[in-house]
Amino acid sequence: MSAGRIIVADDESYVTTVVAGKLRQQGFEVLIACDGEEALALAVASPPDLVVTDYQMPVMSGYEMCVRLKQDPRTAGVPAIMLTARGHHLSPAQLAATNIRFLLSKPFSIKELLARVGDVLASLPTSGASAA
Amino acid sequence: MTELSVSDRSPAVYEPLSRRCAELGIALWHCDAGGRVLAEPRQPQLGPALRQWLGSAPIRQRIESVASLFTESRTVGVELPPIEALPGQWLLPLEQRQGIRRAALFVAMVFTTDAVVLPAPTVVYRAADIPRLHRTLRWFCEDLERSERDGRTIDQFSEKLGQAYEETHLLYRMARLINCVSDAAQAVQSIGQQLQEVLPFGWLAIRFSQHSRSVRELSGRMLIAGQPPCDPEQIRLLSDPLLQQQTEAGWKKLLRPGDSALAAATGAEVLAEPITHDGQVIGLLLAGNKRGPDPELSSVEMQFLDATADFLGVFHENLARFAEQREMFFGTLRALTASIDAKDRYTAGHSERVGLLASKLAAAMNLDRRLVEEYRIAGMVHDVGKIGVPEAVLCKPGKLTAAEFAQIKRHPEIGHRILKDIPALAGVLPGVLWHHERWDGGGYPHQLAAEKIPLIARVLALADTFDAMSSTRSYRPAMPRHRVLEEIRVGAGTQFDPELAPLFVTLDFSDFDRALESHRVLEQRAA
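In order, the protein sequences belong to chains A and B.
Take the first sequence: its letters are residues 15 to 146, numbered as in our numbering.
Take the second sequence: its letters are residues 930 to 1456, numbered as in our numbering.
Treat the hints as calculated values from the structure; they're not laboratory data.
Just to be clear, a hint being listed does not mean it is correct.
As the list claims (entries may be wrong) - No farther apart than 27 Å at their CA atoms in a straight line, the calculated lysine-lysine pairs in the BS3-like style are these:
1. A/36 with B/1089
2. B/1272 with B/1338
3. B/1219 with B/1181
4. A/36 with A/120
5. B/1328 with A/125
6. A/120 with B/1181
7. A/120 with A/84
8. B/1089 with B/1272
9. B/1089 with A/120
10. B/1349 with B/1338
11. B/1272 with B/1219
12. A/120 with B/1219
13. B/1182 with B/1219
14. B/1381 with A/120
15. B/1349 with B/1381
16. B/1325 with B/1272
17. A/36 with A/125
18. B/1381 with B/1338
Stated by the list, open to error - Ranges of calculated distance between the beta carbons of each label pair, as one might list FRET restraints:
19. A/16 with B/981: 51 to 57 Å
20. A/136 with B/1086: 39 to 45 Å
21. A/139 with B/1122: 33 to 39 Å
In this text the structure is predicted, and so the values were computed from the model without any measurement.
All residues carry an ideal CB built from backbone N, CA and C; glycine is no exception.
With the rest of the complex left out, here is chain A (with noise of 0.2 Å):
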């Protein structure tokens, strides 16, 4: 049975394939976006346990994203970690519209991104995340 379900999204092909990649080795079921839509679209389609996103990406950002999720009854109690390479602080009340539990800058450690992802799929209250 798998740990968990992630939606990992991101426009760079080499950021999703390695932190997919590590998820899957601790036991993840992993899902790709390469944007914003697609991942809100397979967000919708089958709420994950969480997602991992980038905040600057083509056709809808990660944090537009994030917003969605919130909004819609179905994905509103979907945790989200976000990626930035640009060191943007993004304001209480901004996160606030989200669900996003921890910001990380580009070039982060997987290691950390790990540890991350363990803290919040932990904190979930109904889920069964027993994280590998």
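Given chain A's structure and the hints, the job is docking chain B onto it.
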């Protein structure tokens, strides 16, 4: 999410896919979102006559009508069935997908045995095989798309890996520079240049405030790498307010043209990292005019420059500590030599001048900077053993008795004994012990000859004798310069190293003369 955003350009998979199709006697078209044909089959395998027929208007219309079926079915991923347009002439719709999107539309034309086509197709299939063939073409399409995507990922990986390698290597080189105290400005300049080469910045500046006095060679300096779009002086002027900020509190790293005069002058964002020492801002690392497709600074570059600024802070601290230690070391040495020179008022400043001459000769011999420094120290301490010789003997005017001279001759060995346990002075010991040896073996204490005498001692012998002859002694007045030089020349090969003596006489003695004069003035005041 059903979107028909198909690009007008033939996708990378069209070429390999249509080539495979042609090998199988299948023609392939690429159509746009509206069903319009963008590329038609041109492969030679299909034969010229068939190709011409495939390019005709009725065929094109048939293809476009099938492709437009996709437009009607807006859902991506729905597999449209094969269509028998005319007896034996099958059209197989294909779509190339990227994630949830449709990346391209293709229509393949396959002929079966009952085809009524002129010219006759080269390859015909059984009607029963059409569904299987359709599935095979879909697999081709998916595999080619995947392989194309993987190829792009590998390209990205190689590029990032190359960049990461450069960055790691740069950090490694910087780590090695941390001990480079001999030429700090050169080291900082080299860091700036390498940073600018590795990171995508048009220019980079490293500057230190005037307050960083403890490191004289960096104080107030600004080192620039790359090509700033404005006068470097303007960068200095406009970054002054940043330097005046005492601490990092409230520091804004990202300067934008809208709110910073410095960024406005360069016409782009500037990254400003503070260099600190004990919590005080003592310098700046500035970088601007990012190159490449994305002009906005990213956290990748920011993190790297942040680490570099930290490194420069530690480097500065290291230099300051080193300068302090050096100051202390030379202060102690000077105190020591002054106490020896004070035993005989005629030899005031002698040790310091011998140090000066020894270092000048070492420099003229192109010795390493470190050795030049060592020769200076050797000069300063060469007579330290005189501390063990009675003042009455040292200062005696007129001729010494044999016993008195024997006492004087002990000073190299006494000096050696005094200094031998100081690790930092290990290099100067041979100079102290053997500076009274002669090239012809007639010196003391060990009657070493020629190359048996260490180089440092041969250099000191020249410097020592030159200064002795040039200054007034208890038993005789100073000799004029031309006579001193003549004595040195004459002594080459007997008293002195025959190769060093001719080099020594060509030295510029103006610093020496100034030192001699200032010591004479001090001595007169003391008297």
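Hint by hint, here is what the structure shows:
1. A/36 with B/1089: Satisfied, since the Cα-Cα distance of roughly 18 Å is no more than 27 Å.
2. B/1272 with B/1338: holds, 16 Å
3. B/1219 with B/1181: Given that 27 Å is the threshold and the Cα spacing comes to 18 Å, the pair holds.
4. A/36 with A/120: Given pair residue 36 of chain A, residue 120 of chain A holds - Cα atoms ~17 Å apart, limit 27 Å.
5. B/1328 with A/125: violated, 83 Å
6. A/120 with B/1181: holds, 19 Å
7. A/120 with A/84: Satisfied, since the Cα-Cα distance of roughly 24 Å is no more than 27 Å.
8. B/1089 with B/1272: violated, 70 Å
9. B/1089 with A/120: holds, 13 Å
10. B/1349 with B/1338: holds, 18 Å
11. B/1272 with B/1219: Cα-Cα ~66 Å, so violated.
12. A/120 with B/1219: holds, 17 Å
13. B/1182 with B/1219: holds, 15 Å
14. B/1381 with A/120: violated, 63 Å
15. B/1349 with B/1381: Answer holds: residue 1349 of chain B to residue 1381 of chain B is near 20 Å, not above 27 Å.
16. B/1325 with B/1272: With a Cα-Cα distance of about 11 Å, the restraint between residue 1325 of chain B and residue 1272 of chain B holds, given a limit of 27 Å.
17. A/36 with A/125: Given pair residue 36 of chain A, residue 125 of chain A holds - Cα atoms ~9 Å apart, limit 27 Å.
18. B/1381 with B/1338: holds, 20 Å
19. A/16 with B/981: 51 to 57 Å: The hinted range 51 to 57 Å holds for residue 16 of chain A and residue 981 of chain B, with Cβ atoms some 56 Å apart.
20. A/136 with B/1086: 39 to 45 Å: Violated - the Cβ-Cβ distance for residue 136 of chain A and residue 1086 of chain B, about 31 Å, lies outside 39 to 45 Å.
21. A/139 with B/1122: 33 to 39 Å: Taking Cβ atoms as reference, residue 139 of chain A and residue 1122 of chain B lie about 55 Å apart, which means the hint is violated.
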